[in-house]
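Undergrad: The opening position of the sequence shown corresponds to residue 133 in the numbering used here, with each subsequent residue numbered one higher.
I should point out that these hints are in silico values taken from the structure, not numbers from a laboratory.
Heads up, the beta-carbon is just placed ideally off N, CA and C, and yes, glycines get one too.
Heads up, some of the hints might be wrong.
Think about it this way: if two alpha-carbon atoms lie no more than 27 angstroms apart in a straight line, the pair counts; the simulated BS3-like pairs of lysine-lysine are [said to hold, decoys possible]:
1. Lys138 - Lys307
2. Lys184 - Lys307
3. Lys184 - Lys288
Simulated DEER-style distance windows between Cβ atoms [to be verified]:
4. Gly186 - Arg231: 32 to 42 angstroms
5. Asp339 - Gln254: 39 to 49 angstroms
6. Gly186 - Asn162: 17 to 27 angstroms
7. Glu272 - Asp151: 46 to 56 angstroms
8. Glu273 - Gly302: 46 to 56 angstroms
9. Arg293 - Ala137: 20 to 30 angstroms
10. Ala171 - Arg231: 35 to 45 angstroms
11. Arg251 - Gln333: 10 to 20 angstroms
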Amino acid sequence: MSTTAKPGLLFLLAEPGPDLPVAEFNAWANDDHIPARMAIPAFRRTTRWAAKDGRRPHFLALYEIASLAVLDEPPYSTFARERSEHEADLFRRVAAFDRRTYELVGYGPGDLAEYDPARDAQPGLVLDVVAIGGRPGREEELLRWFAQEHLPLVAKVPGWRSSRFFRQTGTATPKFLLLQEWESSERSEEESTQWTVKPAQDVESWDERVFELMGTWVQTEGV
Numbered sequence: 133m134s135t136t137a138k139p140g141l142l143f144l145l146a147e148p149g150p151d152l153p154v155a156e157f158n159a160w161a162n163d164d165h166i167p168a169r170m171a172i173p174a175f176r177r178t179t180r181w182a183a184k185d186g187r188r189p190h191f192l193a194l195y196e197i198a199s200l201a202v203l204d205e206p207p208y209s210t211f212a213r214e215r216s217e218h219e220a221d222l223f224r225r226v227a228a229f230d231r232r233t234y235e236l237v238g239y240g241p242g243d244l245a246e247y248d249p250a251r252d253a254q255p256g257l258v259l260d261v262v263a264i265g266g267r268p269g270r271e272e273e274l275l276r277w278f279a280q281e282h283l284p285l286v287a288k289v290p291g292w293r294s295s296r297f298f299r300q301t302g303t304a305t306p307k308f309l310l311l312q313e314w315e316s317s318e319r320s321e322e323e324s325t326q327w328t329v330k331p332a333q334d335v336e337s338w339d340e341r342v343f344e345l346m347g348t349w350v351q352t353e354g355v
């Protein structure tokens with residue numbers, strides 16, 4: 133992985149509409165959409181998740197990529213205009229679709245120079261997803277909180293696998309994403325409360341969701 137470009141994340145939340153059976157949606161995602169992207173070496177790992185919290189959208193796909201530049205280059209940049217008739221029809225039947233792009237700014241265990249999700253093929257079984265709205269002018273403080281306060285606390289919680297902190301691109305105000313992988317969802321209330329202590333002075337919004345693993349695709353080229 134290049135040391136000059138920050139690792140990127142393509143984040144997709146989706147909810148099939150009433151005319152799109154879940155089985156059809158899952159078959160398309162697993163057999164068509166994801167394999168086409170994993171054929172690109174810069175796509176390092178893809179995971180699919182289903183909501184455990186009863187909220188919608190229900191399905192989450194995380195595409196972990198070497199850098200966001202790959203999204204502006206062929207073959208990825210040609211996918212939208214080269215959709216099959218079936219895929220175009222399927223997209224029309226999706227009720228909700230939330231696409232975001234992020235750059236990695238913090239990672240534990242280890243540091244950014246060591247980060248390559250393709251070397252850690254098996255993710256945790258449960259994922260905490262926290263969308264964070266930062267206060268303007270407090271971005272550095274929020275990054276310091278993640279590295280110096282949050283990581284040392286969460287690393288002590290049984291079942292913790294990893295934490296990643298991302299900055300969203302293309303937004304006027306600072307927005308971040310905290311992804312936390314766990315071996316299972318069996319955590320005590322005290323443990324759950326401990327890691328969710330947030331820096332109130334640096335945060336305008338904090339929206340947490342919980343998902344469980346559906347599937348994993350890992351890049352083998354260059355690993």
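Undergrad: All hints are to be evaluated individually against the structure, with a verdict given for each.
TA: Going through the hints against the structure:
Between Lys138 and Lys307, the direct Cα distance comes to roughly 17 angstroms. Compliance with the 27 angstroms bound is thereby established for this hinted pair. Restraint check for Lys184 and Lys307: satisfied, since their Cα atoms lie roughly 24 angstroms apart, inside the 27 angstroms limit. For the hint linking Lys184 to Lys288, the alpha-carbon distance of about 24 angstroms falls within 27 angstroms, and the restraint holds. Checked against the given bound of 32 to 42 angstroms, the beta carbons of Gly186 and Arg231, roughly 23 angstroms apart, lie outside it.
Against the hinted window of 39 to 49 angstroms, the Cβ-Cβ separation of Asp339 and Gln254 comes to about 27 angstroms, which falls outside the hint. The hint said 17 to 27 angstroms for the Cβ distance between Gly186 and Asn162, and at roughly 23 angstroms that hint holds. A hinted range of 46 to 56 angstroms for the beta carbons of Glu272 and Asp151 is consistent with their spacing of about 47 angstroms. Hint check: Glu273 to Gly302, Cβ distance near 22 angstroms, so the stated range 46 to 56 angstroms is violated.
Judged by the Cβ atoms, the range 20 to 30 angstroms given for Arg293 and Ala137 holds: they are separated by roughly 25 angstroms. The hinted window of 35 to 45 angstroms between Ala171 and Arg231 is violated, with their beta carbons roughly 20 angstroms apart. The hint said 10 to 20 angstroms for the Cβ distance between Arg251 and Gln333, and at roughly 36 angstroms that hint is violated.
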